[in-house]
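There are 2 protein chains.
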Amino acid sequence: MNRIPILKLQNILLVSIQIDPSDVTIQALQEDILKEISRTGAKGILIDISALDIVDSFMARTLRDCGVMAALLGATAVITGIQPSVAITLVDLGLDLSGINTTCDIDSGFEFLQANGKDQLYPYSE
Amino acid sequence: MNRIPILKLQNILLVSIQIDPSDVTIQALQEDILKEISRTGAKGILIDISALDIVDSFMARTLRDCGVMAALLGATAVITGIQPSVAITLVDLGLDLSGINTTCDIDSGFEFLQANGKDQLYPYSE
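From first to last, the protein sequence lines stand for chains A and B. Adding 1 to a residue's 1-based position in the first sequence gives its number in the numbering used here. Adding 1 to a residue's 1-based position in the second sequence gives its number in the numbering used here.
Don't read these hints as lab results, they were simulated from the structure. Treat each hint with caution, since some may be false.
Copies of the same chain look alike in the list, so a pair counts if it works inside one copy or between any two.
[Unchecked claim] Here are the computed lysine to any residue pairs in the SDA-like style, where the Cα-Cα straight-line distance is at most 25 Å: (1) K36 to L91; (2) K9 to A88; (3) K36 to R62; (4) K9 to A61; (5) K36 to D54; (6) K36 to L73; (7) K9 to D93; (8) K36 to G95; (9) K36 to Q84; (10) K9 to S86; (11) K36 to I89; (12) K36 to A72.
All of these numbers come straight from a predicted model, not from anything done at the bench.
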């Protein structure tokens, strides 16, 4: 099984999914992300899927669950780089990413998390 | 062969090597990094090896070459997170990382590249 690397920059975890991952890999990623949030106290998690042309229902559900679980640990999740074809498929299949933030690319996702972390979600942190 | 993902944030390519890579993987990473610099016009490349306890001579040479090649394409390379045991091994074996910048963690490497990109290497860019 391939493990997808998680990179911590400032308060934010960065994940880039660049090859179509198996169900086991994506499940392991979810666990790794939650462990890393818990270990590092990260306040944001950015998952880039711009390299993926296909997202199946399992992956969509796992990513959404990951966002909800991250929120329970005090972190905001953002999915970036959803391809037009992926957006069409998600809506056509009735797959639901509600409750998770999305932006068009990594840079805007990173800015969103930096702004969110400081101003809205954690008003008492510096 | 596993390919190591390369993530672009602002003008900087981020790479995190988290499992001990084979020679073929590290060679492919070198090619991927150079292609990405050429494609995106990135001005910095950060390679984090904090998860590695062992760096062999091939990997050390490939990473150093990668830094020199990146410089030819106009990008600055930084290797971050060299473990104490790796530093000891590199010096004991006489392996040479001269000509490549190193910092202790990703955050400081990122800051170094941002400062370098703006002030020193590209004085005419905004």
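Practice item. At 25 Å max between alpha carbons, let me know whether K36 reaches I89 within a copy, between copies, both or neither. Key: neither (32 Å within a copy, 30 Å between copies)
Practice item. If the cutoff is 25 Å on CA atoms, where do K9 and A88 land: within, between, both or neither? Let me know, please. Key: between (27 Å within a copy, 22 Å between copies)
Point to revise | Within, between, both or neither, where K36 and D54 count as close if Cα-Cα is 25 Å or less | key: Only across copies: K36 and D54 sit 21 Å apart there, 28 Å inside one copy, limit 25 Å.
Review point. Are the CA atoms of K36 and G95 at most 25 Å apart within a copy, between copies, both, or neither?
Key: neither (30 Å within a copy, 37 Å between copies)
Exercise for review: Classify it for me, K36 with L91: is the Cα-Cα distance of at most 25 Å met within a copy, between copies, both or neither?
Suggested key: So K36 and L91 fail the 25 Å test inside a copy (28 Å) and across (31 Å) alike.
Review point. Between copies, within a copy, both or neither: which fits K36 and A72 at Cα up to 25 Å?
Key: Classified as within: same-chain Cα gap 13 Å, cross-chain 36 Å, threshold 25 Å.
Check your understanding: Taking 25 Å as the upper bound on the Cα-Cα distance, should K9 and S86 be classified as within, between, both, or neither?
Key -> This pair counts as between: shortest inter-copy Cα distance 22 Å, intra-copy 29 Å.
Point to revise | 25 Å Cα threshold - placement of Q84 relative to K36 | key: Classified as between; 22 Å across copies, 28 Å inside a copy.
Check your understanding: What label fits K9 with A61 when the C-alpha limit is 25 Å: within, between, both, or neither?
Key -> both (23 Å within a copy, 23 Å between copies)
Practice item. Could you figure out if K36 and L73 sit no more than 25 Å apart (CA to CA) within one copy, between two copies, both or neither? Key: within (13 Å within a copy, 39 Å between copies)
Point to revise | Copy assignment of K36 with R62, given that the CA separation must stay at most 25 Å | key: within (19 Å within a copy, 33 Å between copies)
Review point. How would you label the pair K9, D93 (within, between, both, or neither) given a Cα cut-off of 25 Å?
Key: neither (34 Å within a copy, 30 Å between copies)
Consistency note: the structure conflicts with the earlier hints numbered 1, 7, 8, 11.
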